[in-house]
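Undergrad: Chain by chain, the residues run as shown.
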Amino acid sequence: MNYTYKIARQIMIEQKYQAIKNFGYFIKKQKKIRSLQRMILTNYWVGSVSFAFISIILVLARLTGGYSLIAMANIGLVIFVYGFLVSLYNSLFLFQGISRNNLLEPIWQLPAERNRNIYLVCFLIFYGSSVAFMTGPDLIIFYILSGNYASLFFGLVWTLIVILSGFCLGTLISMISLLQQRRRGRLEAAISRGVKFGGIALSLLLFEVVIYIPETVPTFIPELSGVWRYAVFMLNIPYSVFLAGGNAASLAENILFSAIFFLVFFYLSVRLGQKSMSLIERYPERIPLNYSTQRRKTSSPGLAMLTKDLRLIFRDPQNVSLVVIPVIITLPLILSLFNPVAARTVTPEGIFVLLLSLAAFSASFYTIMALNSESTGFSVIRMLPITRYGFVTWKSISILMIFMFIVVPSVAIAVLITGFSPLYIPLISAALIGGFVAASAFNGHRLVGKIGRETDNINMESFGGNLGLLKVFATTLLLLLLPVVAIDLLQTYSIIAFSGYYEPISLYALAYLGMILIPYYLRREENESAAASAF
Amino acid sequence: MENAVRVEGVSKSYGSTIALSSVWLEIQKGTIHGIIGPNGSGKTTLMRILSSLTQRDAGKVSVLGLDPSVSPLQIKRIIGYVPENPALYQSMTTTEYLNFVGSVRGIDSAHHDSLTKAFVKSLELEEYVDEPIGSLSFGSKQKVSIISALLHDPQVIILDEALKGVDPRSSRVIRDLLKALSRNGKTVLFSTHVIETVDTLCDRLSILYRGRIIDTGNAAELIERNGKGGSTLEDVFLNTTSEAPVGNIGDDLAGMMGSER
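Chains as they are written, first to last, in this note's numbering: chain D, 42 to 576; chain P, 84 to 344.
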């Protein structure tokens, strides 16, 4: 175990080192390894504390204004599902990190069978365990409210199940991705990518729909007869964890089903972890796609950059999962509009503010994803005559295309189900797109500015890992909320001073479209120095 | 003859590690200049400084009259740089990658097509052009890296251990190509550990050791100045860049491996 732990820790250090080895501040550090270890530890704790904070906020929000144990159990389900998503994403991230950077290459030569469990151990220690900080506070608060000891015990077991199931799904997606790329032709590979992308999105959306359409969970699960109520994976959490207990028979059923789920996922995790290691060992790098013959022709530099960026994003399951995550996070807000009470009370401005969260999440996640997709290929960019501004601009355009594909249907659904005029669709969409362009360009320039002058490799750790992601999200949220707050304050002042009232949504649209000037401002700043404009 | 590259007192440190210490070097236009030195002698740092990929701490650098730290974009337009380890997009096919590089460099489509076809055929990459670069062998990746550095007909070509892992036939093709390019007025800076290669390929050589240029000249001049009667270029290299003579180190190590634990 000690040996496996040491190598698992080395993988984390190696990942971080690859990301920041050429950063100026790191080069100057005297005790580099110690500093790397400290960074990994800090990152882990900041991420875990953030998870705990999010969990507490969600629970406290539900507690205000009265609560029922059923309602608290359903919030618990939401937290466990987010834990599952975090686990899923982290396993994709770790798998890609190990396989892309050949992090286990040095130990393949050593004759140790124990190597096979390193990936799972690394995941559980450095990623999976942080999910406990998400479910933990919720379980403790629920125990204080209900006094149900069983909820603590089953909560612990189901936290492990959620962590392991997320790991299994993420690893399975990564493995299928590698195998499919190897076995299929270009068209088939494209189809399988589409199916895979659709599959991930559909299964996750299904979770969301079931959870967030009011009354579905509380009515559907109890209607299941007998033991089946415990057997509906994940959706049984309110009953298997929070409302656990009752008579001896139901307790025994619960223990039995929880134990079965735990053992099955534990076994699958070990097997998948070992299989994936064998796969990475056999194919340490990318695998032939057997593409059909392609034409050798050049295009405009911009189009070439755009095509390259989209290829890098959609050829990597980790990036594809990042494309889906902002939608998953914000979908509950859109689905809440299906509630007739919410649909009657919401205004177009309300819809805009609701969907602003989609723009904020997307502008944060997508910017990091787009930069992260460069990986070791970033050295190619550095060798070519490409300006920092051009690099960020084409990254921004590529993620804008993805965002537009998501935001316009989201706005259309929100406007149409609430019965507002379809004219609001272009107005709200334009405002959101304006905000996204400004925020993603701002984030892009800020993050690219952080990249060391001699960096040849970019990965998530280059921008501080989860902590960096949180910082980017906070900045984006601040940037995107400023116009709303400013306009609302002006509106209030205008009503008080002149009894004047303006259509807020038009003002929002104007303000956010005006924010598109931010990238132009950044360009003006950059052109002042030719040396600074290159990588 | 006009100098294409001029390096004056350049120094570079990475934290407390000194990579280059007051390096002086002049490379004439239309010549092939070899840099030889042991591992960690500063070859890669020097080449990256000339390619504007690394910032120097002190000194002056001029590549065709341009300072790489002041005009990095212009430098990248006129040079072709091949790094020691091929830096490529692993998920792109060879064709996609070369199309991308050609597009960013603004190469005419028809010219690009004929040129890449010729390169791919000459370096025997035809069967790999539609496979992701990540699935290619190290040598094939190196070939793709070399092609991408030459597509835009650079005035100065900087190759850092560029023939490492490349098969003998392709290696010969590339060496012949470099000679032809230098005859056409291009300047080539070439680093390697393989003494034979620099001996046959380069017009002039510099020996770099511990961040300093120890000597510069053609092979005969270096042997005359640093060797004894009958010395080879390898002897000169070993004498000038080793703390202790090689002697029987290999035999001694083999003996230790076979001894009782």
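These are calculated hints, taken from the structure and not from any lab test. Backbone N, C-alpha and C fix where the C-beta goes; we use that ideal spot for every residue, glycine too. Be a bit skeptical, because a hint or two may be false.
Said to hold, decoys possible - Computed Cβ-Cβ distance ranges for the label pairs, DEER-style:
1. P:Lys200 x D:Lys491: 37 to 45 Å
2. D:Ser341 x P:Lys200: 19 to 27 Å
3. D:Lys72 x P:Gly248: 34 to 42 Å
4. P:Asp335 x D:Tyr44: 50 to 58 Å
Undergrad: Looking at the structure, which of the earlier hints fail to hold?
TA: When the structure is compared with the hints, only number 4 turns out to be violated.
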